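Counted the way mature numbering (1 follows the signal peptide of the UniProt record, and there is no 0) counts, the sequence shown spans residues -50 to -1, 1 to 74.
Hints were generated in silico from the structure; no laboratory data involved.
Values in this document were obtained by computation on a predicted structure and should not be read as measured data.
Glycine is no exception: its CB is placed at the ideal position from the N, C-alpha and C atoms.
Worth double-checking, as some hints may not be accurate.
Said to hold, decoys possible - Simulated restraints on C-beta separations:
1. Arg(-37) with Thr17: 23 to 33 Å
2. Cys74 with Gly18: 21 to 31 Å
3. Thr56 with Thr(-32): 50 to 60 Å
4. Ala31 with Gly64: 32 to 42 Å
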Amino acid sequence: MRTAVRTAVRTAVRTAVRTAVRTAVRTAVRTALALIAATSCALTSTPAVAAAPAGNAPMCVAVWQTTGRITKTGYARNDCASRLRLKLIWARGTDSACQTVDPGKTIWHQVPRGVRSFDGADTC
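Please build the complete structure, drawing on both the sequences and the hints.
As structure tokens, this is what we get:
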């Protein structure tokens, strides 16, 4: 009788442990997949992508770009203490016109998507 009870208890414990482990693994996998999906969505839908600092604009000028379905937009924000004349630089195409940018203000220039890449800002 004791042997039958021990066997029944062992079987019940094994089943409970297996179920608990399976549930924990499934939950961990689902959580990991959800995090990966959220991260990839966040990375692909991030509106602003920092551009490599190129051009001869001072270090106090922040540059970045966004990519939409049809266009790419380059931005430059004047974080300097004084007014600057800036233009936005694009590879393989025409750059923006020179614009006067007051401290704290942002300029932008849009181009069609394609092979063009945003190269930053130049003073002019």
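- Message: I want to verify a distance hint. Is the separation of the beta carbons of Cys74 and Gly18 within 21 to 31 Å?
- Response: This hint holds: roughly 26 Å between Cβ atoms.
- Query: Is it true that Thr56 and Thr(-32) lie within 50 to 60 Å of each other by Cβ?
  - Reply: holds (57 Å)
- Query: So the hint says 32 to 42 Å: do the beta-carbon atoms of Ala31 and Gly64 match that?
  - Reply: holds (37 Å)
- Do the Cβ positions of Arg(-37) and Thr17 conform to the proposed distance bound of 23 to 33 Å? For Thr17 against Arg(-37), whose Cβ atoms are near 54 Å apart, the range 23 to 33 Å is violated.
Violated hints amount to a single one, hint 1; each of the other numbered hints is respected by the structure.
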